[in-house]
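K.L.:
The lines below spell out each chain.
2 protein chains.
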Amino acid sequence: MLVECVPNFSEGRDPTRIAALVSAIASVPGSRVLHQTSDPDHNRTVITFAGEAEAVLESSVRVAARAAELIDLNRHSGVHPRLGALDVLPFIPLGPTTLADCAALAHRAGQRIWQELHIPVYFYQSAALRADRTQLEKVRKGEFEGLRASVLTDQSKRPDVGGPALHPTAGAVSVGARDILIAYNVNLATTDLAIAKSIARSIRASSGGFAGVKALGLPLVSRGQVQVSINLTDFKVTPPHVVFAEVSRLAADAGVPVAESELIGLIPSKALAMAFAHNLNLPNFGTESVLENCLSQHSWLK
Amino acid sequence: MLVECVPNFSEGRDPTRIAALVSAIASVPGSRVLHQTSDPDHNRTVITFAGEAEAVLESSVRVAARAAELIDLNRHSGVHPRLGALDVLPFIPLGPTTLADCAALAHRAGQRIWQELHIPVYFYQSAALRADRTQLEKVRKGEFEGLRASVLTDQSKRPDVGGPALHPTAGAVSVGARDILIAYNVNLATTDLAIAKSIARSIRASSGGFAGVKALGLPLVSRGQVQVSINLTDFKVTPPHVVFAEVSRLAADAGVPVAESELIGLIPSKALAMAFAHNLNLPNFGTESVLENCLSQHSWLK
Numbered sequence: 001m002l003v004e005c006v007p008n009f010s011e012g013r014d015p016t017r018i019a020a021l022v023s024a025i026a027s028v029p030g031s032r033v034l035h036q037t038s039d040p041d042h043n044r045t046v047i048t049f050a051g052e053a054e055a056v057l058e059s060s061v062r063v064a065a066r067a068a069e070l071i072d073l074n075r076h077s078g079v080h081p082r083l084g085a086l087d088v089l090p091f092i093p094l095g096p097t098t099l100a101d102c103a104a105l106a107h108r109a110g111q112r113i114w115q116e117l118h119i120p121v122y123f124y125q126s127a128a129l130r131a132d133r134t135q136l137e138k139v140r141k142g143e144f145e146g147l148r149a150s151v152l153t154d155q156s157k158r159p160d161v162g163g164p165a166l167h168p169t170a171g172a173v174s175v176g177a178r179d180i181l182i183a184y185n186v187n188l189a190t191t192d193l194a195i196a197k198s199i200a201r202s203i204r205a206s207s208g209g210f211a212g213v214k215a216l217g218l219p220l221v222s223r224g225q226v227q228v229s230i231n232l233t234d235f236k237v238t239p240p241h242v243v244f245a246e247v248s249r250l251a252a253d254a255g256v257p258v259a260e261s262e263l264i265g266l267i268p269s270k271a272l273a274m275a276f277a278h279n280l281n282l283p284n285f286g287t288e289s290v291l292e293n294c295l296s297q298h299s300w301l302k
Numbered sequence: 001m002l003v004e005c006v007p008n009f010s011e012g013r014d015p016t017r018i019a020a021l022v023s024a025i026a027s028v029p030g031s032r033v034l035h036q037t038s039d040p041d042h043n044r045t046v047i048t049f050a051g052e053a054e055a056v057l058e059s060s061v062r063v064a065a066r067a068a069e070l071i072d073l074n075r076h077s078g079v080h081p082r083l084g085a086l087d088v089l090p091f092i093p094l095g096p097t098t099l100a101d102c103a104a105l106a107h108r109a110g111q112r113i114w115q116e117l118h119i120p121v122y123f124y125q126s127a128a129l130r131a132d133r134t135q136l137e138k139v140r141k142g143e144f145e146g147l148r149a150s151v152l153t154d155q156s157k158r159p160d161v162g163g164p165a166l167h168p169t170a171g172a173v174s175v176g177a178r179d180i181l182i183a184y185n186v187n188l189a190t191t192d193l194a195i196a197k198s199i200a201r202s203i204r205a206s207s208g209g210f211a212g213v214k215a216l217g218l219p220l221v222s223r224g225q226v227q228v229s230i231n232l233t234d235f236k237v238t239p240p241h242v243v244f245a246e247v248s249r250l251a252a253d254a255g256v257p258v259a260e261s262e263l264i265g266l267i268p269s270k271a272l273a274m275a276f277a278h279n280l281n282l283p284n285f286g287t288e289s290v291l292e293n294c295l296s297q298h299s300w301l302k
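Heads up: the sequence lines are chains A and B, in that order.
Just so you know, our numbering puts the end of the first sequence at 302, numbered straight through with nothing missing.
Just so you know, our numbering puts the end of the second sequence at 302, numbered straight through with nothing missing.
For reference, chain A alone in the conformation it holds in the complex (with noise of 0.2 Å):
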């Protein structure tokens, strides 16, 4: 049963510590790591690992229990919401895995992390055991500075698992899991954030954009410059291409250059293909005709 973990830490600038969390990882054998993203100005770090289940569970809670010894989130400040230490863990199913079994991994991987390290976890997406918390953004609404607070008064707040209180230091976790995300952010060239935040508000799927699409308009202090940051949840509806286009055009709108764009983390093959198909107007083309695709399907490559 082969798993995916993206888990997104709130350490993007100190490479000592960012190594020590891949290392955490990587310490159980068959987790493979397999990509990581650091940001300063997110201050924040994404780790693409895989394996299967039980290695990839393995390696989550010891890497939640670097990250808790590693970083303190009352001395952390970033551009991008965060609720722990270890901000986000989703588990995405590879190849027959389902996403049913991947809702099983995260609970687990959650009782773990609150019986074993004594940091209480939020359950997200296809593991929310409320309705209220599919969406990941309403569970870290109000980030560590607000929850810490309010879990103690407000009942509805409170953990799935453990707490009330948070983690003094590490806050709590968000377990999930999810089919395959995009994160794919466009910098544009100004740093008047109001441009950014009215894009963002354009494309996303909650004020009547794109299907699919969660977007935040941040500042990057560091590039003197402002970012559209998106996550494209369906990349099969909304994929990146489409995105880029229409963030350009209302860029221009505003009179601002795209300055690039860029991805965190990995990006299927099949989101390549359909920008080829439509930037070269090639209509019968898909992942079937990519050489890569066709040589993996067979064993004897290896």
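By construction, these hints were calculated from the structure, which means they are not laboratory data.
All values reported here derive from a predicted model rather than from experimental measurement.
Beta carbons: idealized from backbone N, C-alpha and C, even for Gly.
Mixed in with the good hints there might be a few duds.
[Said to hold, decoys possible] Derived DEER-like restraints, expressed as beta-carbon distance ranges:
1) A:GLY224 x B:ARG249: 31 to 37 Å
2) A:LYS141 x B:PRO283: 31 to 37 Å
3) A:GLN135 x B:ALA254: 47 to 53 Å
Mind docking chain B on chain A? Use the hints.
P.N.:
Frame of chain A, contents of chain B only:
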């Protein structure tokens, strides 16, 4: 020693014959057919298959025999230049296999095609035995009808193996070794062949256009279009998205819309990643960020 092979056949209309060619290739254990494309105007079929070198060699000889049984060049017409029933037979290295390995395989295939089938052979590109035969278009110049006569009178036209007379119905086979090539066509919504020929001339390397680009202007009578038929022999230098943009620009200058483009055979993932990075302004993007590429490097995926 893994090898890819992309034979081109002078038959693109009769599904029964085309299926017989595929069957001949697949009749060898270990040879896997990955892709096939047929075009009625070209009257040509391109099949992509791969496997261990010995299996690929055996398949290539079997399908050369089957093509000679099924195809009579005296009754063949199509817009694409051709010299043989099995017209070209390139061997392409996969993984650690080298071009030299593929040249050796090409020479063995050529010897067998002459000895067992009495079809003469020209060696081209990295399998060429003469400097003036590295370019396939020079080997094929005059096509079946022209070379059939000139081989008898012009010493310089003689096949590398067998002959000098061409096979009366199967012509000759051009057997080569080469790196990955992208066969890519842009179809224009006009019947004015001069426009396609002019664009082909503008973009091809031999007329001072893009490096690694071969191009012809061809009519597509069945579709009421013309085609800029392109081979990209070094896609890392000149990738499809660059050629598409230039053909689109030249077509627009001529007042003609691009109807669509099409790939013949497979495309390497890197070409998609290059287009994605360009079209979405992603300066740091490469195939190491593609999920499937990461996963296929880990044997536990199987």
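K.L.:
31 to 37 Å was suggested as the range; check whether the CB atoms of LYS141 (chain A) and PRO283 (chain B) agree with it.
P.N.:
Holds, since LYS141 (chain A) and PRO283 (chain B) (Cβ atoms, about 34 Å apart) stay within the stated range.
K.L.:
Okay, GLN135 (chain A) versus ALA254 (chain B) on CB: inside 47 to 53 Å?
P.N.:
holds, 51 Å
K.L.:
Range first: 31 to 37 Å. Now tell me if the beta carbons of GLY224 (chain A) and ARG249 (chain B) are that far apart.
P.N.:
34 Å Cβ-Cβ, so the 31 to 37 Å window holds.
Checked against the numbered hints given earlier, the structure satisfies every one of them.
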